[in-house]
Amino acid sequence: MREMINEMTISFKAISVNEGFARACVAAFCAQVNPSLDEITDIKTAVSEAVTNCVVHAYPKKVGDVTIKVELFENSVVIYISDMGVGIEDFEKAREPFFTTKPNEERSGMGFTVMESFMDKLDLIKNQGKGLTVKMEKFFSIKKNLAVGE
Amino acid sequence: MLVKNRIYNNTLYVLLSGELDEHSAYNTRITLDEIFENNNFKQIIIDLSELDFMDSTGIGVLIGRYKKMKDKKIPIFICNPSAHAEKIFKMTGLYEIMPKIV
Numbered sequence: 001m002r003e004m005i006n007e008m009t010i011s012f013k014a015i016s017v018n019e020g021f022a023r024a025c026v027a028a029f030c031a032q033v034n035p036s037l038d039e040i041t042d043i044k045t046a047v048s049e050a051v052t053n054c055v056v057h058a059y060p061k062k063v064g065d066v067t068i069k070v071e072l073f074e075n076s077v078v079i080y081i082s083d084m085g086v087g088i089e090d091f092e093k094a095r096e097p098f099f100t101t102k103p104n105e106e107r108s109g110m111g112f113t114v115m116e117s118f119m120d121k122l123d124l125i126k127n128q129g130k131g132l133t134v135k136m137e138k139f140f141s142i143k144k145n146l147a148v149g150e
Numbered sequence: 001m002l003v004k005n006r007i008y009n010n011t012l013y014v015l016l017s018g019e020l021d022e023h024s025a026y027n028t029r030i031t032l033d034e035i036f037e038n039n040n041f042k043q044i045i046i047d048l049s050e051l052d053f054m055d056s057t058g059i060g061v062l063i064g065r066y067k068k069m070k071d072k073k074i075p076i077f078i079c080n081p082s083a084h085a086e087k088i089f090k091m092t093g094l095y096e097i098m099p100k101i102v
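First to last, the sequence lines map onto chains A and B.
The numbering used here applies: residue 1 is where the first sequence begins, and numbers increase by one.
The numbering used here applies: residue 1 is where the second sequence begins, and numbers increase by one.
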């Protein structure tokens, strides 16, 4: 079994100003295993898409929280982005390119397509209580250079 | 997000600097629409050389502007996208309505 080398959890309000914070925070955490710049940008984009979904769709009435848990392995990262909002009824429909529940708001409907393309695995999980967890995994192509002499 | 613009030879040049996401989308939309209101140009070139980050919200913003300019028959072109922005443009087919120019 592969070994997790580090783990972190953050929680913040589902408001748009936190999108930049969320993606920068996850990227900074992943930096310790020396991913490539391309891989970091892919992760930042996927995190941004998932958090945007929480901001735009999860809490139509009262703003709630977004929780991000990151599990770091030597060659990959697993990211869980969760809300306690309204959830998604039809996962398959939601994942279709260009599908949006808000066609009048200039939305591209490409959020899940971007997450799928930029990450290696994407799962949508209905939370026990309510809301949604997006689970994503990215494998790093370059093996970490182990420090010598430690 | 910082938006700079100038008109030269009937072309409106727009430079987007910073990060285009859900947080900056609203103001970017309003600013671009204000700039596009001016009628002294025949085409628009959007320069992305200083755009540090963009997600699919940015695609929504660009497609929205395309729809508005299509009615006026003013084409929009994209130049200097990052490799990353280019990946999103190709994925979404944006170049089919806003061709890339070199």
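The hints are simulated quantities; they were obtained by calculation from the structure and are not laboratory data.
No residue lacks a Cβ here, since even glycine has one placed at the ideal position from N, Cα and C.
Keep in mind that a hint or two might mislead.
[As the list claims (entries may be wrong)] Label-pair ranges, simulated between beta-carbon atoms:
hint : chain 1 : residue 1 : chain 2 : residue 2 : range
1    : A       : MET8      : B       : ASN10     : 44 to 54 angstroms
2    : B       : ILE7      : A       : ILE10     : 36 to 46 angstroms
3    : A       : PHE21     : B       : ILE97     : 26 to 36 angstroms
4    : A       : ILE10     : B       : ILE101    : 37 to 47 angstroms
5    : A       : LYS126    : B       : ASN10     : 26 to 36 angstroms
6    : A       : THR67     : B       : GLY18     : 41 to 51 angstroms
Given the hint of 36 to 46 angstroms, check if B/ILE7 and A/ILE10 actually sit that far apart at their C-beta atoms. holds (45 angstroms)
C-beta pair A/MET8, B/ASN10: status relative to the range 44 to 54 angstroms that was hinted: holds (53 angstroms)
Given the hint of 37 to 47 angstroms, check if A/ILE10 and B/ILE101 actually sit that far apart at their C-beta atoms. At roughly 41 angstroms between Cβ atoms, B/ILE101 and A/ILE10 fall inside 37 to 47 angstroms, so the hint holds.
Go ahead and decide if the range 26 to 36 angstroms is satisfied by the Cβ distance of A/LYS126 to B/ASN10. Cβ of A/LYS126 to Cβ of B/ASN10: about 54 angstroms, so the range 26 to 36 angstroms is violated.
Verdict for A/THR67, B/GLY18 (Cβ pair) under range 41 to 51 angstroms: Given range 41 to 51 angstroms: violated, Cβ gap about 27 angstroms.
Determine whether the Cβ-Cβ distance between A/PHE21 and B/ILE97 falls within the hinted range of 26 to 36 angstroms. holds (33 angstroms)
Checked against the numbered hints above, the structure violates hints 5, 6; every other hint is satisfied.
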